[in-house]
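*Asks:* All residue numbers for the sequence shown refer to the working numbering, where the first residue is 11 and numbers rise by one.
It is worth saying that the hints were derived from the structure and are not from the lab.
It cannot be assumed that every hint is accurate.
Claimed, not checked - Once the Cα atoms are required to be at most 30 Å apart in a straight line, the calculated DSBU-like pairs of lysine-lysine come out as:
1) Lys192 x Lys175
2) Lys82 x Lys344
3) Lys398 x Lys325
4) Lys535 x Lys503
5) Lys625 x Lys650
6) Lys317 x Lys343
7) Lys754 x Lys856
8) Lys344 x Lys29
9) Lys71 x Lys60
10) Lys99 x Lys344
11) Lys503 x Lys432
12) Lys99 x Lys494
Keep in mind the model is a prediction, meaning the values are calculated, not measured.
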Amino acid sequence: MIEKWVYFFGNGRAEGNAKMKALLGGKGANLAEMTNIGVPVPPGFTIATKVCDEYYRNKGKWPKGLAEEIDKNTAKLEKAMGARLGDPKKPLLVSVRSGAAVSMPGMMDTVLNLGLNDEVIEGIIKRTQNPRFAYDIYRRFIDMFGDVVMGCGHEHFEKVIHSAKEKAGVKVDNELSAEQLKEVVEKYKTVYKKHVGELFPQRGRDQLTHAINAVISSWMIGRAVTYRRLNNITGLLGTAVNVQAMVFGNMGVDCGTGVCFTRNPSTGKKEFYGEFLMNAQGEDVVAGIRTPLPLKKLNKIMPPAYKKLTGLMTKLEKHYKDMQDMEFTIQQKKLYILQTRTGKRTAEAAVKNAVDMVNEKLIPKKEAVMRVTPEQLDHLLHPHFDPKARRDCFAKGLPASPGAAVGQVVFSAEAAEAWRKKGKEVILVRIETSPEDIGGMDAAKGILTARGGMTSHAAVVARGMGKCCVAGVGVLNINYKAGKFNVGKLVIKEGDWISLDGSTGEVMKGQLATVEPTMSGDFGKFMKICDDVRRLGVRTNADTPEDSKRARDFGAEGIGLCRTEHMFFEGGRIWPVRQMILAADDYALMLSEIEAAETQKEKKAIEKKYAASKKQFEGALRKLLPVQRSDFEGIFKAMKGLPVTIRLLDPPLHEFLPQDKVNQAEMAKRLGVRPAVVKAKVEQLHEFNPMLGHRGCRLAITYPAICRMQARAIIEAALNVRKTGMVVLPEIMVPLAGAVEELKLVKDHIVDEIKKVFKERKSKIKYMIGTMIEVPRAALTADEVATEAEFFSFGTNDLTQMTMGFSRDDAGKFLKEYVNKKIYAADPFQKLDQTGVGKLVEMGTKLGRKTKKKLKVGICGEHGGEPESIDFCHRVGMNYVSCSPFRVPIARLAAAQAAVR
């Protein structure tokens, strides 16, 4: 079978259609489709995308048979137009344009007016009696061909025409006379010869060959490669090349050209939107040399053309069932459509379009949810920088939490809080954050860290707060003592202004102008459409009543993760926690010795021996109980009957102790001990790898009184809130269990304590006990774990860390290389590693449900708010995903899109 490389369109018939985008590119497929449905499109042919692929495989050589097919289709085009390439009497002029399967506006090259030479120009003058038009298109062609095809920069030609306008005393190009333009053409040829080293080519076929190669080569031009990388465009063969007969908007006052949209691309409003110029070519509209007119004015200048254009706009939108971005030209009062494509639009417009088109019955709900990207929705939820603002970027890190933040640099949480009290806006800059920084993080407009990844403390907390955060900026050299940081020779001191872009990871000098997000009524309607389509539940990760309410307002259907440790840092409650830690060793020894004792007498003696430590440890828990109970009451009330999953204490105890001498001395004074005691405790609790250390359920096994206190606080709070008439659905989650025996031991303590509460209160409430699957062994033995768990929640932050052997706080330094070298498709802490970690998640889900058919399964790692990971969760058959409050709408959309797929 002979390979077909070229596809013709014209005279009401085309060899392609809209479904052939992969082969013909978006532009070529749409030109074919428009031809087939009777839209007035200048004829032409499309060189398929596979030619581009072959071109690069064969080191810049055309595939066999392509030249012959181009000749054949050129002859076909000449016949359709009644003109020939290079014929002075009936000259055919063509445009040569790019067109990939995915729209990449302005990223690749275009050549217009191809086919002109010295003889053809004379023929056009005789035929049109319009020498000004002829010399205008010739000078444009020499400029564009020289710049795009032969590498003779546009600026060289610009100097010539600028000089001509100055000499003529005019401001814009179309004020130059025919004679003046003729002189420009001659000077352009001189510029071309000087920089290219040869005369301007006169044979049309040579021009066409060079232009086709230039357009194909533009597939790998820097800006096109960057655009594909930034927009995650992969898997394409390359660009198609569209060779199309030229029509002219610059032949006189009855000609024009313009760009139009079937709806307003900024607001989404249903109105004919666009702009045009009379007596101009297409590039004039976007070049800014002349000010275009709004589309509606065409109705006054040329009513028949306007009527036909708006009729075609309506026809094409109905045909494609989406907002269209169209290019048109009017040549001597006759209208031609040069291109249509799905219009790029703002996030606000995308949401409005989707809602309106469902209401208009143009598209079904399933199609509507695919019209808005998660990134667009994210953009609506966070402030962002004014796109016109100049960026002075001096460093780049991980885009840990989206949004835009501008503030003065401070280096400590205390400074952030103090400066905010004075009415200042600050950016908290830390080497890395810890739970102790929470007050400063709350006070800051944004957070910048030198270390840490997408699931570091800074990233997780910032996302929960809806704060902008850039993490892992390894080039920052921070000097706390001097109150400054430097990046190379650049020094930023405390009080200096910087701007953070949490969506790109950029760190910039100075104060960039920001734009606040706006929520329209269409936003709520769109989210309702998403809810009608999705099957996966969406919960939130929230630790406070404020976060809980915010998440509910965003549509969360419950809390999938409430981290109790964050509560211990609020107000003065850190002090009983520290009091408890100082007594913890003796208290654990007491429990161990009591367990080994054989008689009651021995047990009493042991209790007496450790009485002081027992009093200190349990006294601290008694102080914490009412504040924990109050916390849970606030959250239960905020969630108004929705389920709340509360994770028992998870981090290692050293995180609650000060690491520096000044704060250690303050702790010693506050708790009435010597500083050496505090220092010794800090050193004793130090672990080489705390994430794999004494934390999670391991703490509950050593200190069961802690999990008992928390279980009591949860159930007492639930009973108290139920008394007010509210439904309460508490779910108690045991973290870090790797073996069913661990879970059973902790669960027995929880159940025993809850029974005591029920007996004391003479009242009961339904509750669930489950576990967080974050240790690989728990996933591998999930059938056993499910005998004791009523639900699983995959903690994929730690599961990724333990499965892949990466420290989530340190891996950010080198994971970029892994992605760049295609070892992994993405940072596994940003997007779930579906082939590795995902296998454990799938296995754990299947094994768990083998034991308990209706086992509830969710995910509460940061992946719960990432669209591709949500799609995976849908396919695995989870009941819900859980994410930070500001990611809830994105998760709702991603879940709906997963259902459609």
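*Asks:* Give a verdict on every hint.
*Replies:* How the hints compare with the structure:
Proposed proximity of Lys192 and Lys175 is supported: the alpha carbons are some 13 Å apart, at most 30 Å. For a cut-off of 30 Å, the pair hint linking Lys82 to Lys344 stands: about 28 Å separates their Cα positions. Using a Cα cut-off of 30 Å, the hinted pair Lys398 and Lys325 is violated, with the two alpha carbons roughly 35 Å apart. For a cut-off of 30 Å, the pair hint linking Lys535 to Lys503 is broken: about 46 Å separates their Cα positions.
For the hint linking Lys625 to Lys650, the alpha-carbon distance of about 38 Å lies beyond 30 Å, and the restraint is violated. The straight-line distance between the Cα atoms of Lys317 and Lys343 is roughly 12 Å, inside the 30 Å bound, and the hint therefore holds. Proximity of Lys754 to Lys856 is assessed by CA-CA distance (about 21 Å); at most 30 Å being required, the pair is judged to hold. Between Lys344 and Lys29 the CA atoms are separated by roughly 29 Å; this keeps the pair inside 30 Å, and the hint holds.
About 13 Å separates the Cα atoms of Lys71 and Lys60, which keeps this hinted pair within 30 Å; it holds. The hinted pair formed by Lys99 and Lys344 meets the criterion: a straight-line CA distance of about 22 Å does not exceed 30 Å. For the hint pairing Lys503 with Lys432, the CA-to-CA distance comes to about 19 Å; that is within 30 Å, so the pair holds. For the suggested pair Lys99 and Lys494, the alpha carbons sit about 74 Å apart, so the restraint of at most 30 Å is broken.
In summary, the structure is inconsistent with hints 3, 4, 5, 12 from the numbered list given earlier, while agreeing with the others.
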